[in-house]
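Enquirer: Chains as they are written, first to last, in our numbering: chain A, 32 to 335; chain B, 32 to 335.
Worth flagging that the hints you see were computed from the coordinates, not collected in a lab. Remember, predicted model here, so these are calculated numbers, not experimental data. By construction, the Cβ of each residue, glycine as well, lies at the ideal position given by its N, Cα and C atoms. Just to be clear, a hint being listed does not mean it is correct.
Unchecked claim - If you want the footprint, here are the derived chain A segments under chain B, 3+ residues with CB under 8 Å:
id, region
1, 72–78
2, 102–114
3, 131–139
If you want the building blocks of each chain, they are given just below.
There are 2 protein chains.
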Amino acid sequence: MLDVCLLGTSGMLPLPGRWLTSMMTRFNGSSLLIDCGEGTQIAIREKGWSFHDIDTILLTHFHADHVSGLPGLLLTIGNSDRTEPLTIVGPKGVERVVKSLLVVAPELPFELVFKELTTAEETFAIKGMEITAFKVSHSVACYGYSIRIRRNGKFDAAAARERGIPVSAWNRLQHGQTVVDGDVTYTPDMVLGPERKGLKVTYSTDTRPVPQIAEHAAGSDLFICEGMYGEKGKDAKAREHKHMTWAEAAKIGAKAQPTAMWLTHFSPSLVRPDQYVADVKKIFAPIEAGKDGKTIELNFEDEL
Amino acid sequence: MLDVCLLGTSGMLPLPGRWLTSMMTRFNGSSLLIDCGEGTQIAIREKGWSFHDIDTILLTHFHADHVSGLPGLLLTIGNSDRTEPLTIVGPKGVERVVKSLLVVAPELPFELVFKELTTAEETFAIKGMEITAFKVSHSVACYGYSIRIRRNGKFDAAAARERGIPVSAWNRLQHGQTVVDGDVTYTPDMVLGPERKGLKVTYSTDTRPVPQIAEHAAGSDLFICEGMYGEKGKDAKAREHKHMTWAEAAKIGAKAQPTAMWLTHFSPSLVRPDQYVADVKKIFAPIEAGKDGKTIELNFEDEL
C-alpha cells in the first residue's frame, strides 16, 4: 500500500488556505517528501502524518517556494526523536544549498545524507522504492521524479517442490533474493512467475512541457503535474516564466495516459482552480485539480 | 498614529492556526517588522497590511523560528514592486546569516542594507522612529527592541512673534529643526514647550528575565514579552531553555509598568493560553495573552 498526499497546491508563494506545492508518500513505514516550501511542516501537521518517519526528501530545484521550509521541517523532525539518517536528493549543489539554509538550524540530532543528481536521468533504490529522477526544463536545473514500487511475480510452490528447493529458501526467493545452498544456487526466476504490475507515481513541477515528462509519467497510477495557469491567454506568460498552462499539462496527460492525474502549483492569480477543470477534461478526461491535502491510497491490483 | 500588530504567538515551530511570533508596525507610511519566521508572510497577508511598505526588519536572534521566513518574505516584497532599499538590523553576523538564507532567493529588486548590533545597547533613528536595541539573555546573542516616537513640545506662536521670528521659519522650528537666517540663528527651544509624551513600544522574546528588559519596557504604551510557559511546574524547563514562565514575565511587567502588556511566543504545549491569564493578572493586572493578529492603534495623548 502506497499513500500519497498532495500537501499543498500553491506556486510562487504560500497563501492563507493554500500551502506551497509538495507531496508526501507513506510506504512500508517509511515516508518520503518531494519539496518543502515555507509552511510545508504545518501542512504535514494538519494532515496528521508522522514527522519521525520521513526518511527521504527529494528536491525538484532550489527556488525558495520549493525548499525554504527545510530548516523548520528538519528541526521539527529532530524534535520528533528521530536519530536515523535522512537522505536529501536534489540537483547539483544540493549539499551546499541545504547547508546554507541550515545556518539557522546548525544542530540536528540525525545525520543528513546528500545525493546529488548530475545526469539527465538517474534511477536509484531507497527504502524499497525505485526512484527515477529526470531533468525537465525550468529557469534553473529542475528534476521530475517517478517513484516505483516493483511487484515480483507470483510464487509457484509447485515449481519449487518439483525442483526440490528446500522450504527454508522459499521466503528469500519470494522476495527476489538469490539463495546459495552449498554447491547449489537457487534464483528467483526458478519459482516466480512474470513480474506483476507494481505501483508508480510521477511528480513534475516547474517546467515547460518536454517529452521526457510524458515518457516517465506513462504507466503511472498517479501523475501530479504543475499547472501554473488555468485561465485563457496565459500561454506567453507560461513560456516566459518556464511554467505550463493547464492545456499544456493535459496534453502531456493525454500522451502518458496515467490512471489519475492531478494538477498543482497554481499561480496566486488562479483563485478558483475548479472552474477550469471541464475545459482540460476535453483533452484528458481523468485530469483533476489538486487540492491541499488531497490523498489517494494505491494498492497492488491483487490486493484490492 | 502607530499601529502595532502581533502577527503570531507561536514559539519554536508554527502550528495550524498559530503563526510564529513576530510583530509589525505602521507609522507615517513606513512599516517595520520584528522577526520573520516560517509563515510570517502569510500572517501579514491575512492581516491585509502592505508588503511594499516594509522598510525595516529587526531581528532578535538567528534561531530558525525567528528568521527562516525571510527568503519568502523578501521575494514577496520584491513582487510588490518595491525598489527602495530595505534595512535589516540584527546581532553580529546579520549580513552573513541573511545572505546564507538567500541562497534560494539570490535576486531581489531592491537593495538590502544591513545594520549589525555589536554592543549591549544601541540607539538609532530610522524612518522617524528612535529604536533602541538592548541585549537580553538567551542561548545565542539576542536583542530586545524599544521603538519610540518622540513628540516635540507645543509650538508657542506668541513667543515666536515676540522674538520676531519670521513666519517662514515657524514650520521648520515646529519640527525640531534649527533655522539660520543671515546672521541670526533660531532654535526650536525658543518656540517649543517641553517635549510632550510620545509613543513607545517594547518587544522582547527568547530570553531569561534580566533587569534591562524592565528598564527598557518602562514607560511603554505597549510591552510585548515572551511567555513560553504558562503552566505550573515549568520553572526548571524555562531556565534550561533560556525562556520565561508567565509569572517571570509578569514580574517584569509589574516592575516596568507599561500601559498594556501582551504575552507571546507560546510553547506548543501551551494549547489554551487564556486559561492562565487570571493567575498572572494577580502579579500585573494589565497583562493579556497575545493572539495572532491582535492589533492596537496608539495615538499621541493630545490627538486621542
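Enquirer: Flag every earlier hint the structure violates by its number, smallest first.
Expert: Failing hints: none at all.
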